[in-house]
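Protein sequence lines correspond, in order, to chains A and B. Count the first sequence with the working numbering and you get residues 1 to 246, in order. Count the second sequence with the working numbering and you get residues 247 to 494, in order.
Simulated from the structure, these hints should not be mistaken for lab results. Treat the hints loosely; a few may be bogus.
[Claimed, not checked] Here are a few chain A residues that face chain B, going by a calculated C-beta distance under 10 Å:
#1 V56
#2 V59
#3 M60
#4 A97
#5 R100
#6 R182
#7 L185
#8 S223
#9 L238
Glycine is no exception: its CB is placed at the ideal position from the N, C-alpha and C atoms.
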Amino acid sequence: MASGRLQVAEQTHPIFKLQSPIAGFGTAVWSLVWKDLRIEQHTRQTLSIMVMFSLVTVVMFNFALSTELDAAREVSTGLLWATIILAGTLGLNRSLALERENQTIDAILIAPIDYRAVYLAKVISVSLFTLLLEVVLVFVFTIFFNKPFWQPAVLLVLLLGTIGYVAAGVLITSMTIQTRSREVLLPILLLPLVLPLILPAAIATAEIVSLQPEPDRIRSSLSLLLAYDLAILAVGFLSYRFVVES
Amino acid sequence: MSISHLNRTVTILNTLAFLALLVSIATIFTYAPVERSMGNVQRIFYFHVGTAWVGSIAFFVALVAGILYLRRPQWKWDTISLSSVEVGLVFLTIATAAGSVWGKPAWNTWWEWSPRLTLITIAWLTYAAYFMLRGAIEDEEKRGRFAAVYVIVSFVTIILAYASIRIWRDIHPVVFGGTLESAQGASEGLQDIAPGLASMRMGITLTVNVVSFTLIYLAWLVNRIRLQYLKDEVATLKMRVATRLQGG
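The whole structure should be built from the sequences, with the hints applied where relevant.
Written as structure tokens, this is what we have:
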């Protein structure tokens with residue numbers, strides 16, 4: 001009798017509704033992203049740390065280059081990317097350390113969710129934080145360096161660069177926060193890994209904001225960015241399980 | 247693999263590698279012709295290409311061993327991966343140093359921040375960080391797992407780096423897999439190495455060097471694996487002594 005009632009419940013109650021595997025995956029990713037956004041909405045820690053750090057960095061760079069204002073303008077695209085990846089390591093550490101501190105990662109891993117969904121959700125949420133930071137930085141750089149950074153093409157390069165950077169970053173950070181040296185190890189491991197991504201990204205950005213952009217150079221850099229994104233996402237998808245499993 | 251088996255392999259490979267090194271030095275200095283524009287300095291090119299080649303196959307071997315470790319976590323795959331990265335890093339360093347010595351007369355500078363040279367520096371840093379990662383993890387099983395994942399990610403980024411240098415113009419000549427056009431583009435306004443390579447004797451010397459450096463790589467790899475085996479053996483023995491002493 002009881003089992004019969006449960007069967008009825010399974011058929012009618014929305015919680016028992018059978019989802020297709022892809023829809024289930026999507027739901028899991030979405031709820032994990034939503035969770036990170038809610039945490040950020042309440043604590044406002046990750047994004048504020050990233051923004052404050054990058055503002056300090058920009059001022060530092062300006063100070064270092066202030067004798068040569070033209071030089072500062074010349075290298076501003078490189079500075080933009082350097083600031084993003086440095087602030088990005090803070091965001092990655094913060095976002096993943098939070099999961100460890102509160103041991104929420106264990107709960108997430110026990111839940112019947114695909115490991116790849118956990119990975120993808122983390123990539124999406126940290127990418128969102130980094131993109132918000134970049135919007136701020138683009139404004140700041142346009143004002144401080146007097147270059148046309150506010151362009152759709154620049155935003156596209158930023159988007160592609162961020163996805164690849166965060167995709168590598170989530171994978172590496174998930175490892176480093178489980179080691180003895182924790183936060184210290186992340187930049188040493190991650191920065192060399194993402195340099196093949198940052199190099200074309202910086203070249204593309206510099207071309208777009210230059211007075212005479214070369215479309216060929218932009219196109220080849222964009223295809224490199226895309227290739228990096230896809231390759232790193234694929235590696236992350238396949239190997240994330242080995243990184244979080246205990 | 248038993249220790250006596252390993253010892254025998256080490257002896258054979260050491261002898262072969264030593265002979266190969268003698269042969270390659272002999273071919274570089276006596277068989278290879280003097281290059282037209284650069285003269286005798288160009289002979290370092292054979293060392294440079296030989297060691298750079300070993301650098302890339304060493305990291306490829308590390309990648310394969312890493313993948314195999316993730317499929318089945320066994321001591322040998324982790325050790326092969328570790329040993330190969332270590333030997334590869336040494337060869338990469340030799341190749342960079344030799345390239346720098348070659349670059350001084352060819353480009354009139356020891357170092358140029360061209361895409362290719364920048365990416366080699368990145369590769370060096372990436373694989374040097376591998377040891378940092380290993381050093382920071384105590385648990386053996388976890389260390390092997392993380393190291394394997396890291397070696398895979400590193401290789402993917404290095405491959406992309408190599409792809410990118412095929413796109414950008416570079417001061418560095420393209421020897422393997424480059425089209426004639428890109429080789430010409432690469433060496434434009436610099437020492438032209440294409441006619442040099444076209445010479446048969448130079449090609450043979452290069453092949454001899456690549457083969458002998460591969461043998462040296464194999465010898466070092468097996469030596470390093472044997473060393474790790476002995477290290478682990480010592481650790482086990484120490485542990486046993488400690489337990490015996492504690493137990494009274």
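Hints and how they fare:
no.	hint	result
1	V56	violated, 25 Å
2	V59	violated, 26 Å
3	M60	violated, 23 Å
4	A97	violated, 15 Å
5	R100	violated, 15 Å
6	R182	holds, 8 Å
7	L185	holds, 6 Å
8	S223	holds, 8 Å
9	L238	holds, 9 Å
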